[in-house]
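Residue strings, one per chain:
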Amino acid sequence: MKPVLTVIKRNFASNLIALVITILVVLLSTTSSDSSISISRGNYTYLYMLMIPFFIVYVNFNKLIHLNATKKDYFWGSILTYIIAAASTSMVNTFIHLIIDPMNQTQIVINLLELCGWSENGVFVAFFQQFAFLLMLAVFLHVLLSMQSYWYGWLTDAVLVAIICVFVPIQPLRQILVGFFKLIMFNGNALLHISVCLSISMVLVLVGKAVLKRRSI
Amino acid sequence: MIELNQVSKKYQSATVLKNFTLTIEDDGIYCLLGRNGAGKTTLLKSIAGYQNISSGTIRVNGHSISTATMDTGVSHIENFAKHFNLPVKKLIRVAGDLNPRFDYEFAMEMMERFELDAGKKFNRLSLGMKTMVSTIICLASNKSVVLLDEPVLGFDAIMRTEFYDLLVESYSRNPRIIIVSTHIVDEIAKVMQKLIIIDKGTLRFYDTLQEIETKAYSVSGLKQEVEKATKDLHTFGEIQAGGLLTRFIFDLPISQRDHLEIEKLSLQDFFIRMVEKKGGNLS
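Chains A and B, in that order, give the protein sequences.
Numbering of the first sequence is given in the working numbering, commencing with residue 125 and proceeding in unit increments.
Numbering of the second sequence is given in the working numbering, commencing with residue 40 and proceeding in unit increments.
Extracted from the complex, chain B is given alone in its bound form (with noise of 0.2 Å):
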């Protein structure tokens, strides 16, 4: 379980999160989703202890997460994480040795299902297969919590699918709290099981996909009309050309009517409306 109350970080007079508050009781894969510089990566940074937040608490496994935490029972991967020159095989048994939870059977399988040359020293692996090793080590180390920024950087469309099957696998394997950070929006919604969409260091979005697939959708006709129907729906956006109008709404669906054109919104749109300019906050 993790539990952020009111978390806000500062970097000098830059604000990162702001009063962030999130609770995660179940375990599942959820998919944190931002803009670059939202804050995803000082928000998982934080949940592992790598750095201290200005104020509110971070709570894991009722566990009170800081720097001071000396152990969190967290696992965390960052992009371009640097790891000893060693081959691959090696590194996985150095993990393997240095947390005695570690999957070594699973790490071995992937390695070999992922066709990662055992005897390559890491530095001379291309991107994303270092990017690939750093996550089946995160994925094996068997703790409560894992968090993932970024791991589908530098993977080529295989390796993403490959990355999915590689994520549901593991997770079936042993049920726990795995969240992961991305951009690519549409190939994760096939393993997720919940959506946190982060915005300006502040939670926008924290459900299911089901109540967006249920309640997103978008509104579309003229401005009278639309305004109209949607008065007293959760409108998160709108765009206005001449006497036309769109809205964008996050409610109970509507009837379809003349004149208006009603449409259920992609994750992919969803989130693009909930972050831009003048999105709304549905949290």
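In isolation and in its complexed conformation, chain A is listed as follows (with noise of 0.2 Å):
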């Protein structure tokens, strides 16, 4: 257990650089106030979510093996860096939601717990949705990223790119697309919204191993 928790200790020290932006861009974002709507602060708390998977897949998977860490420890340290990266954005967010949107009495606040449609369930079952999802984010980007040194990881890319350039302009396939992101993001049915969410990270992460496994160094 402890080669899996010092990989994860060392994803965290070398995403110091992506909290540190975060914090910045959370304390420093700013809406006119003529505007009589706000974003809260707390949505660029995603931020950090999206900048992780950029250092542990690019950064530490050759430092960890230099240093005779095995895949497996690698695979199982980042999957539960994730895991704690998601839980720990997803109740700075809740908080802000909570505590400091409600501050700005002048303006109403757009946070993405209501956006989605998250704090209709309550703040403990919202937290776990956006957990879920953010969980999901993660691996999506560490699995996305983990590929782009072969052909099938540009592949993914031209079939992403693809699916947005055709399902967008065409109406029934943009239907499809939008049902898509109702069941992955914009989703009140908590239950089901968590169950798509972490059913979708198995497979990524299942997918991961299997890219990881063709990594070379």
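Keep in mind the hints are simulated off the structure, nothing from the lab.
Be careful, since some hints might not be right.
[To be verified] Selected chain B positions facing chain A (in silico; Cβ < 8 Å):
#, residue
1, Thr-106
2, Met-109
3, Ile-116
4, His-122
5, Val-133
6, Asp-136
7, Pro-139
[Stated by the list, open to error] Coverage of chain B stretches by chain A, computed from C-beta distances (three or more under 8 Å per stretch; other residues unrestricted):
#, region
8, 88-94
9, 173-183
Predicted model only: the values in this text are computed from it and were never measured.
For every residue, glycine included, the Cβ atom is placed at its ideal position computed from N, Cα and C.
Fit chain to chain and form the complex, with the hints in mind.
Listed below in structure tokens is the structure:
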């Protein structure tokens, strides 16, 4: 267990710059006071989840292997890093939504917890819905970035771009795309939402393991 | 135990390893020699499971090795390996935390012996010191197979001597298979048990130093006389100048004869003759 914990520790240490950037963006973000709507600072905490896979995949992997970490320890250490990071980010945004956002009495503050319909299910469930979504997002990015040195990574990029380009302009296909995002993001049905996000995360973890097994050093 | 069976590795049109077959059974310090581009790094990376081979099989202690092997039991360090920019002592501690078999005591001893500044961050070390840190981490890993790719690159003569001491001390403490790839032939000869010569992706030689000392020699003299004396011997190279001929032999020694000059080959000469254009194959 110690090697896995060390991988987690190194992952968070290397992600310090991502944390600093996120904190700065959260603290310095502003919305025009003339507007009736304000974007919650908490939404910017998602930046952290978008940045950490870059450090884990591109910086830490080779360095950990050079210190004699096994691929197995790197794999489980990275998954646990995303779980901890997703839980922490979700907790911070939930706190901002509950404590900071209500301080703004003059504007309507929009937080993704409300926008996605998660807050309808109470704070505790909303926290888990957000956690499941963030975990899925980070694992998806991790897998996508891990594939970039290989032909199948480029193929995946091309397929994703093609899906967006083809599905957006064509009405029936657009409905499918909208339906998909309603399922994974804008979903008030907590049980369905958490199940879908965790199921996709699990599939992505398996894909990630297969990609790692092909990854050269 | 390392078993390589008909291993080939292709990079697009270039074949770097060609049907490479080798079995290393016993613990020991093995020296991997080869010219630049001979396939040394590719071979070591393949054994470590850092990259896949195009065909053939690699097994370490009975386990098949490829990039899919999640725990290879092999420690490999390449020159210019990048590490976390941490103070040396902390870096070694992290390496110890990542590997339950890590010999932390040995690593600390070596760090002090080689006067590595424990508080200095890795990126601020000289090239030689960086390599020394990587080598200590690799040797202290206590894995059953240790692969060191060009570890003396960037070392001055004193550091190289220290490195060979480190190698012997590490091996005495924990006997295992250690393969060192290098260009500096004669220095490693003092510590190695067996020599592996690779050339153009194929195995040219795999035997002990004693075999070279006994069987490798050159015969020089008039062409006809040299040809006559070495007719039934295994020749792996020759140089002709006018009517004079020098043949390089790997075979049982012949007795001293009139008009013929018979000289033992140094390891360096043996290696050079083996991998030069007209070199022979003794594997």
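Status of each hint after checking the structure:
Of the supplied interface hints, the one on B:Thr-106 holds, with its beta-carbon coming within about 6 Å of a beta-carbon of chain A, less than 8 Å. Annotation: interface hint on B:Met-109 holds; nearest CB of chain A at approximately 4 Å, less than 8 Å. A least Cβ separation of about 7 Å between B:Ile-116 and chain A falls short of the 8 Å threshold, and the interface hint therefore holds. Nearest Cβ of chain A to the Cβ of B:His-122: about 6 Å, under the 8 Å cut. The hint holds.
Among the interface hints, the one on B:Val-133 holds; its C-beta lies about 6 Å from the nearest C-beta in chain A, closer than the 8 Å criterion. The beta carbon of B:Asp-136 comes within 4 Å of a beta carbon in chain A, closer than 8 Å, and the hint placing it at the interface holds. At its closest, the beta carbon of B:Pro-139 sits 7 Å from a beta carbon of chain A; the interface hint therefore holds under the 8 Å criterion. Taking a C-beta to C-beta cut-off of 8 Å, the region 88-94 of chain B contributes 3 residues in contact with chain A, enough for the three needed, and the coverage statement holds.
With 5 residues having a Cβ less than 8 Å from any Cβ of chain A, the region 173-183 of chain B passes the three-residue criterion, so the hint holds.
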